[in-house]
Amino acid sequence: MKSEPGEFSIDDLQQCAHQTEPWDGVRNYQARNMMRDKMKMGDLVFFYHSNCDKPGIVGIARIVKEGYPDDTALDPNHHHFDPRSDPVRPRWFMVDVQFVRKFTRTIALTELKECPSLENLALTRRGNRLSVMPVSEAQWNFILSLE
DNA sequence: GCCAACGTTGGC
DNA sequence: GCCAACGTTGGC
Numbered sequence: 001m002k003s004e005p006g007e008f009s010i011d012d013l014q015q016c017a018h019q020t021e022p023w024d025g026v027r028n029y030q031a032r033n034m035m036r037d038k039m040k041m042g043d044l045v046f047f048y049h050s051n052c053d054k055p056g057i058v059g060i061a062r063i064v065k066e067g068y069p070d071d072t073a074l075d076p077n078h079h080h081f082d083p084r085s086d087p088v089r090p091r092w093f094m095v096d097v098q099f100v101r102k103f104t105r106t107i108a109l110t111e112l113k114e115c116p117s118l119e120n121l122a123l124t125r126r127g128n129r130l131s132v133m134p135v136s137e138a139q140w141n142f143i144l145s146l147e
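Following the working numbering, the numbering of the first sequence begins with 1 at its first residue and continues without gaps.
Any given hint might turn out to be false.
[Unchecked claim] With a cut-off of at most 25 Å between alpha-carbon atoms, the simulated PhoX-like pairs for lysine-lysine come out as follows:
hint : residue 1 : residue 2
1    : Lys2      : Lys40
2    : Lys65     : Lys102
3    : Lys113    : Lys54
4    : Lys38     : Lys102
5    : Lys102    : Lys40
6    : Lys113    : Lys65
7    : Lys102    : Lys2
8    : Lys38     : Lys65
9    : Lys65     : Lys2
10   : Lys102    : Lys113
11   : Lys38     : Lys54
12   : Lys113    : Lys2
13   : Lys38     : Lys2
14   : Lys54     : Lys102
[Unchecked claim] Quick list of the computed label-pair ranges, beta carbon to beta carbon:
hint : residue 1 : residue 2 : range
15   : Arg27     : Pro134    : 28 to 34 Å
16   : Pro90     : Thr124    : 31 to 37 Å
17   : Arg101    : Pro22     : 16 to 22 Å
18   : Tyr68     : Thr110    : 31 to 37 Å
19   : Thr124    : Lys38     : 17 to 23 Å
20   : Pro83     : Arg105    : 19 to 25 Å
Simulated from the structure, these hints should not be mistaken for lab results. Keep in mind that this is a model prediction, so the values were computed, not measured. Cβ atoms here follow ideal geometry from the backbone N, Cα and C, with glycine treated the same way.
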């Protein structure tokens, strides 16, 4: 899961109440479908810092609440308001993520791109802009071994 | 359904 | 700040 550290970093997640936050504001259907349908209680995710000095994977979080409606889409005063969503048929969903741990170092995007065994990783594929994307078990284990 | 225009993402 | 790559919008 990607986040701009200037908006919400892994340190922010570690420091907030219960070290848990709703992953709100995702307004992309593919990413929404993953949060709504695929992510299950207890699943682990990599926390990725995007749009910053050193883009890369910075740690691990855990899904502690499965997909539910993103209420920021229903709040006219909210930055992420979407008038096409409504309470009866919510358009956007989110999950709650809990801090697990921060890596001892950032595993940089440049480094991930150099790994032949990660050539099929969604993150390193050309032009990818998804904010939530899948990681296979083999990819997960390999990335962990890089730390 | 096509596709041009536009907005966003995000690495660099 | 630049710009490639993509998603969305909306006219037709």
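Cross-check of the supplied hints:
1. Between lysine 2 and lysine 40 the alpha-carbon distance is near 18 Å, which keeps this suggested pair within the 25 Å criterion.
2. At roughly 20 Å between alpha-carbon atoms, lysine 65 and lysine 102 fall within 25 Å of each other, so this suggested pair holds.
3. Proximity of lysine 113 to lysine 54 is assessed by CA-CA distance (about 14 Å); at most 25 Å being required, the pair is judged to hold.
4. Between lysine 38 and lysine 102, the direct Cα distance comes to roughly 24 Å. Compliance with the 25 Å bound is thereby established for this hinted pair.
5. Distance restraint check for lysine 102 and lysine 40: the Cα-Cα separation of roughly 21 Å lies within the 25 Å cut-off, and the hinted pair is therefore satisfied.
6. Under the criterion of a C-alpha separation no larger than 25 Å, the hint pairing lysine 113 with lysine 65 is inconsistent with the structure, at around 31 Å.
7. Between lysine 102 and lysine 2, the direct Cα distance comes to roughly 15 Å. Compliance with the 25 Å bound is thereby established for this hinted pair.
8. A threshold of 25 Å between alpha carbons decides the hint, and for lysine 38 with lysine 65 the separation of about 12 Å falls inside it, so the pair holds.
9. Taking the CA atoms of lysine 65 and lysine 2, the gap is near 18 Å; set against the 25 Å cutoff, the hint holds.
10. The suggested pairing of lysine 102 with lysine 113 holds, with an alpha-carbon distance near 21 Å, which does not exceed 25 Å.
11. At most 25 Å may separate the alpha-carbon atoms for a hinted pair to count; lysine 38 and lysine 54 exceed this at roughly 29 Å.
12. A distance of roughly 16 Å separates the Cα atoms of lysine 113 and lysine 2; the hinted pair therefore holds under the 25 Å criterion.
13. This hinted pair checks out: lysine 38 and lysine 2 have alpha carbons roughly 17 Å apart, not beyond 25 Å.
14. Restraint check for lysine 54 and lysine 102: satisfied, since their Cα atoms lie roughly 15 Å apart, inside the 25 Å limit.
15. Taking the beta carbon of each, arginine 27 and proline 134 are about 19 Å apart, not inside 28 to 34 Å as hinted.
16. Taking 31 to 37 Å as the suggested C-beta distance range, the pair proline 90 and threonine 124 conforms, at roughly 32 Å.
17. About 20 Å separates the C-beta atoms of arginine 101 and proline 22, a value consistent with the hinted range of 16 to 22 Å.
18. The hint said 31 to 37 Å for the Cβ distance between tyrosine 68 and threonine 110, and at roughly 36 Å that hint holds.
19. Look at threonine 124 against lysine 38: about 20 Å separates their beta carbons, and that is inside 17 to 23 Å.
20. Between proline 83 and arginine 105 the C-beta distance comes to about 43 Å, which lies outside the given range of 19 to 25 Å.
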